[in-house]
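Trainee: Residue numbers (the working numbering), protein chains in the order written: chain A, 716 to 1059; chain B, 716 to 1059; chain C, 398 to 1011; chain D, 398 to 1011.
Keep in mind that a hint or two might mislead.
Each pair of labels, with its calculated beta carbon distance range [said to hold, decoys possible]:
id	chain 1	residue 1	chain 2	residue 2	range
1	C	V823	D	G517	38 to 46 Å
2	A	A1032	D	T887	39 to 47 Å
3	B	T937	A	A1032	49 to 57 Å
4	C	A889	D	G517	31 to 39 Å
5	A	A991	D	S552	41 to 49 Å
Treat the hints as calculated values from the structure; they're not laboratory data. Glycine residues also receive a C-beta, built at the ideal position from the N, C-alpha and C atoms.
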Amino acid sequence: MPDAVPLQLTAKDFKSDQEVRWCPGCGDYAILAAIQSFMPELGIERERIVFISGIGCASRFPYYMNTYGMHSIHGRAPAIATGLSVTRPDLSVWVVTGDGDALSIGGNHLIHALRRNVNLTILLFNNRIYGLTKGQYSPTSELGKITKSTPMGSADTPFNPLSLALGAEATFVARTIDSDRQHLQSVLRAAAEHRGSAFVEIYQNCNIFNDDAFEPLKNPATRDDYLIRLEHGRPITFGADGKWCVVHPPGGFGLQVRPTAEVDPDDIVVHDAGVAEPAYAFALSRLAGPDLRHTPIGVFRKVERPSYDDLVREQIATAKKEHSATPEEQLASLLASGDTWTID
Amino acid sequence: MPDAVPLQLTAKDFKSDQEVRWCPGCGDYAILAAIQSFMPELGIERERIVFISGIGCASRFPYYMNTYGMHSIHGRAPAIATGLSVTRPDLSVWVVTGDGDALSIGGNHLIHALRRNVNLTILLFNNRIYGLTKGQYSPTSELGKITKSTPMGSADTPFNPLSLALGAEATFVARTIDSDRQHLQSVLRAAAEHRGSAFVEIYQNCNIFNDDAFEPLKNPATRDDYLIRLEHGRPITFGADGKWCVVHPPGGFGLQVRPTAEVDPDDIVVHDAGVAEPAYAFALSRLAGPDLRHTPIGVFRKVERPSYDDLVREQIATAKKEHSATPEEQLASLLASGDTWTID
Amino acid sequence: MTKQVRQLDRVVIRFAGDSGDGMQLTGDRFTSETAQLGNDISTLPNFPAEIRAPAGTLPGVSSFQVHFADTDILTPGDAPNVLVAMNPAALKANLPDLPRGADIIVNTDEFTKRNLSKVGYTDNPLTDGTLSGYSVHEVALTSMTVKALADFNISKKEAERAKNMFALGLLSWLYSRPYESTLAFLEKKFASRPELAAANIAAFKAGWNFGETTEDFAVRYEVAPASLPRGRYRNVTGNTALALGIVAAGVRSGLPVFLGAYPITPASDILHELSRHKRFGVVTVQAEDEIAAVGAALGASYGGALGVTTSSGPGVALKSETISLAVALELPLVVIDVQRAGPSTGMPTKTEQADLNLALFGRHGEAPVAVVAARSPSDCFDTALEAARIALTYRTPVVLLTDGYLANGSEPWLLPDVDQLPDLRVEFATRPNSDDGRFLPYLRDPQTLARPWAVPGTPGLEHRIGGLEKADRTGEISYDPANHDLMVRTRAARIEAIKVPDVEVDDPTGDARVLVLGWGSTYGPIGAACRRLRSHGHAVAHAHLRHLNPLPANLGDVLRRYDKVVVPEVNLGQLAAVVRARYLVDALSYNQVRGLPFTAAELEAMLEEVVKNA
Amino acid sequence: MTKQVRQLDRVVIRFAGDSGDGMQLTGDRFTSETAQLGNDISTLPNFPAEIRAPAGTLPGVSSFQVHFADTDILTPGDAPNVLVAMNPAALKANLPDLPRGADIIVNTDEFTKRNLSKVGYTDNPLTDGTLSGYSVHEVALTSMTVKALADFNISKKEAERAKNMFALGLLSWLYSRPYESTLAFLEKKFASRPELAAANIAAFKAGWNFGETTEDFAVRYEVAPASLPRGRYRNVTGNTALALGIVAAGVRSGLPVFLGAYPITPASDILHELSRHKRFGVVTVQAEDEIAAVGAALGASYGGALGVTTSSGPGVALKSETISLAVALELPLVVIDVQRAGPSTGMPTKTEQADLNLALFGRHGEAPVAVVAARSPSDCFDTALEAARIALTYRTPVVLLTDGYLANGSEPWLLPDVDQLPDLRVEFATRPNSDDGRFLPYLRDPQTLARPWAVPGTPGLEHRIGGLEKADRTGEISYDPANHDLMVRTRAARIEAIKVPDVEVDDPTGDARVLVLGWGSTYGPIGAACRRLRSHGHAVAHAHLRHLNPLPANLGDVLRRYDKVVVPEVNLGQLAAVVRARYLVDALSYNQVRGLPFTAAELEAMLEEVVKNA
Ligand SMILES: Cc1ncc(C[n+]2csc(CCOP(=O)(O)OP(=O)(O)O)c2C)c(N)n1
Ligand SMILES: Cc1ncc(C[n+]2csc(CCOP(=O)(O)OP(=O)(O)O)c2C)c(N)n1
Ligand code: SF4
Ligand code: SF4
Ligand SMILES: [Mg+2]
Ligand SMILES: [Mg+2]
């Protein structure tokens, strides 16, 4: 129906007519469902929402959203979205990308979008593998990973996407996971509220080429001791009835996990996503080991900084204010600026 | 002279026959002189030293070194150097780049070289401006910078090159300055010793398009209170007879500068470049304000991690060990692998 | 009961099923049994598009076509004589390609309401007359397999999965294939799970025996061996042959091979294959992007390695600026473009020949490079060696074009004698090359016009190179107008000076008036079409280009010898434009851009018209 | 004493000095004084290569050439009649371009031993006979300036710096230029430092008076106004005209302009200029690289802005993959390539026309785009509007080619009447376009073959687009072979369908048998050469292309009308190859690739040969 979309939207309103084509069991399905059912909360008309993606399994995402969308080229979504966001403040622009798309070929655009703090919500589906091209290792694959392109194991240390984002001056940095819809949506909520670039890493299972990459965070036997749920303003504890906590050893650097029982409650780090100093969020981003033990999820950092596109538009507005003439008149005088002479 | 280079080399041996063509007064001259006089210390034959650069004023550097050198294309030096370093362990490979070359167009190659920890010494001449193209702002120019391309001031928050490098898993991160040859050489010494990627930011004055960008660090009136010289194993103090010191507020995050007199000596942070946890070096990298007050120089971080190219060569060596046949014999059997049949 | 045996000269079989049904493996096995028997073969897999689709859907269909004959053949065949359809989707997707009268073997177990509706069949095609005119063989593949494996202690899923072996057994019986190699293969594949090996073998035999016993198959077929050149053969795909050619180039040049690559369909398998040959000193680096991949390869070449980079269109476009640097540096570099359907992301799993313009003209400034193209899967091996020869001898980037059709298609390959492969050894510069004792990095070899390759580590030859214009001989930066003009023309002359063999013309009767000019993967279909025309008494000539830059010296004469020149291409006429511009011959361009190779039939029909009116 | 006054019809003056001597400014001022007087003008600056060289060295020489006449002229002139040399380097660097008999005005103060040796003069050229055959005027510019400014309280350095104004005053007197505008300019320039303004004005007047009084200049010259079309004029460089054209396109289309750019010589000034026009709603983003620059521009176009990206060869090569996406998305995009000498980094400050192949063919797959080229500095304005018209009307990427010669050269520009500029308003899609109420993003306008531009924010038209092949009309992902063939041909047809004006032929006598075909910045030199030939009684025709893709409909006929077609290009024959392939005409390619524009003289000589032998 062309006109008058009712603003009482439901998840269904955000399902496109395209058949979803991921492998059965792919974590992308859960993320798609979570996002579709979250969208109505935005309270934004469908037509003012745009999803821009690169290339990869994750990047097929826009086809399944009944909003505006562009499935662009590999790694370039943040750049394309920047042009859109700067010229269209009325839109809610989302970038969906994968670990290869965002961190391998697209690394430069990502870090520049973050330092500029362009109004974008960037969702990085991290399955630690190249899914679409059938299973090569990615910049987030663990060292020594054996894949089609690394039969003797990969030799490169992976990026920690959150550390990289924080090193790139990101103002909003969060992590969540495909298997926990509620948490995923809570993170989306915070990200959508943020003015500027909101960077969200979503752990996503590729059951075909990298199955169970995040198993310890999902397995009932381990998850409680592995997963740390960050909540703003609350002391960081986790594990069965909070038996573990995070402390900040005096003199030392970085953070540590200790048995809560052995720690003076005042020494437990109280999570504050608003700490101006990125060193805190950075320390948090280093907490997890290669085995995923002590993986924090939630909003690591959320600070205010003028967004690039707002500043750019301010300059335009200021420049326009000084002039009352019609564009044609202004153009005429612009063309005639500098020394002119007349021949008659 | 073709053969037998005396290993008693002097700075002169490293001067090429090319006339140096930077603007009179450019900080690049001082850096060039410092590096040429440092080179003999390496104790490496000239022919085994290679300088690879991108494009920019800084990137003209290789022409002036009487070693092997490549003045490549904008931003790609780390990628090109990676191919060389991986295949030629016998060489000492140096990358010379600028703030635009390394952090704007070349940002992706830089962060990937760092996470891989390729055997490279990367010298970033940071003048916070595009020199060669005559004065546009760069990714390290301060917010609000007025340049040819930003008449109303730049709208993007700059990168902090060291924070970015640390977020990209760099194993060696240092900063020095064109005006202090002794310090510059001490940092080069440490960088050259490091196995893996050594990332060195060199503050460099562009007296034509961004003159005095680092003035407060050079001006006798201010420098003592602005510049912090990091020395491994020593408490971090600075200012006239160490009247300032750096402390690590308990509970708080990041680092702070305090009057030494008011601080219990045990609370002064003792600099340790070897801290495994990058959070420390990261906190150090955030110490300086936009006005350059409290700018640490020296080696922020120096930790051991197998270098990418060493690991790659190990795999090759391992694979070769298993085979004794001549390459031709091995090739013949490789071609004939899988199902074959004969027609006669 | 013994069955009637009929002799055939050629058969085209297509195995089609769901991605999960193992059709590629089934096809591979049938192919290798057929090879053992000495038929000539050509195969073509057809993978589902990039993204995996839900089971049983049309986008999820995967197929493998094999053409085998008692004479040498050039293509996987236009249309199958036999379709093996493992599910309704496979039937629906492939039926349009099937000529009436063809045999269809369907797995009836999968023709359930649910599966039918998944692909939009309202009625059952097996019963609603859809298949009238075909000879349909309904076989309960799944259930019969499961029954046959009842006594094995494997899961039901595993038993069902073995149905492709049942089908293979049946087809092997039907076409009298020798099955020893398949049994051996299964032993090996499931070495770690002997019971699975046994089960799959049992499934295979059950299929074979089913053929023997069922009434449904009254006749059994035989296809006599083809008389092919003597020697040892293997079946090889284009991507594998290409990778092996690169390894061979390393061995024959004595240089380490460095591959800088970023994965992309359909080129990724070259990276995968080469990463498995480290013992040859082949270094493979999966770079952060294509720009880094070619940059690293160039850096390795600078250091004295054979630098190679592989990609497909979108990635090759990104390499453009760095290739231009390689042109200025005059260093060896092999750039492999496994073409796919464009523009932009296009249809990544489909074939096309539309990157010729990119290879020839896709750089800023006057930046000529050598361009070669492979004509068949096994030819990718020779073409890789030729690309390396040109790159190393002339110190230039060489673009090697293949495409998705060659990359994944396969054919028997007469194994070369390693010692007979071209000698690619090179000489590095070791001492100054001018009388005054200086080293002049841009002083050229008068024959090849190549500059010395002085690698870092060579004492006394320290020098600097870069992308700025260089003075002739000294290589120093130069803005001198006359020097720039000289260098621009020299770079062009360098490429023109590359020695390439004359193009051969296949004109058996010698009285053809129409010449078909092709390049790359159209070799098979054009060749097959010409044969058919000739068999119908039409004279037609065929010339096929491996070298696209420089072009063979005799090409102009060849073209002018014929009244009409036709250039079939899977693009909109890129080679045609080149020869028209160069030789002013009114070459007729024939194009189909469907993401598929030409069929011999359509070319035959088109050419027949041309020949008649010539 | 009054001096003899001689009338001249044309003069070419070259101001040359060290980068620090302000020669560009001096030239600019002289040019604008000359403009005031109504002469026709053409100017060409020559900057030192990228990196600044030490003062007084050859690489540090900067010069500005101005050609003015009493008739309309087309080029900055082949060779100067007058050289103003501010130092030995300037003399040495420019002497080779000077015909014997030319006037040389030298600043003797700078001819010190040290400065001479800096440029390798062992003896003083002023005394050693080097300049015999020239009429040399030795003027102590620096010291006389300093003396003249003794009473001003400005630093010695500032006084010395004013020597360019002394020289300007002298030349202004010598050629009887009106100096009011210069005095006004100086007032304005040094508004913040009145004493500096006064000093520079004093220096100017001192120079003027020196001319009046010195014996050395016996005659004074006048060049009468040219009879140019009535109207208001300004002097404009190509880069400025281009930027103004983009602003005008924004105003006339009513769309916001978005420029995504990454600095590069010689294109950066377009970014600088456009960043100053924010009041027109022009957004300029200095991106992290060229790929981001074009990506952001495409994103802006997707959102309903006029997306523009500017660069030079190396950067345009990097944009290739994204332009290919724009071809698939069928969105407006203007890609500006200010060509410079390649390959690779080449000679960034030197001009060339060698990116035509890149513009036409430099993408993977069949990815046709429109290509236009500007012919003169002021023509860059019209060409920018034309590029915008094509991009907006036909929803396609358009590559606009200029080059370093046009970018920095200047000429008088008859200011257009804003209301007479083309109306570029577009209609966005606002409602579904199919009967069933669905929105079909790839349903085309039958005239333009353009698809609807449905920008985000439009209710009811939510849709998804991307780089994968799209089904005709619906735009949904399609791997259908027939659809791909249709889409490939449609994308080609879209570009061919673009309405472009016929090419005009300048063949005054109508009986020429030789046609000179050019494109882009060769317009001036070719035009001038043709005039000279005609003045010597040779008939020759000139056709110049603005539209390179699609080509004008009448081009084929035009070419066939002539016995001989010559195509002069500052590359190795890129357009020549295109017309040969397309029209099978044996076009003769004439090339010089020296980083410089053609001289009218060399073209005249070459063409005379051709005409004689035609
Ligand atoms: C320029 C270019 N290079 C390479 C490719 C091939 N390619 C497509 S997706 C992809 C990586 C996919 O990995 P990721 O971004 O992690 O997404 P996923 O499939 O895992 O969701 C690659 C290498 C391409 N399409 N374009
Ligand atoms: C692909 C490409 N884009 C742009 C340019 C133009 N360019 C040359 S150097 C440069 C930036 C120089 O800045 P920086 O890297 O900081 O070096 P500096 O000159 O300041 O030492 C640019 C944009 C180029 N040469 N190539
Ligand atoms: S390959 Fe992996 S990531 Fe891609 S769709 Fe399948 S399961 Fe998901
Ligand atoms: S422009 Fe700046 S950086 Fe470049 S040479 Fe001149 S002073 Fe140095
Ligand atoms: Mg992934
Ligand atoms: Mg800089």
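Trainee: Of the hints given before, which are not true for this structure?
Mentor: 3
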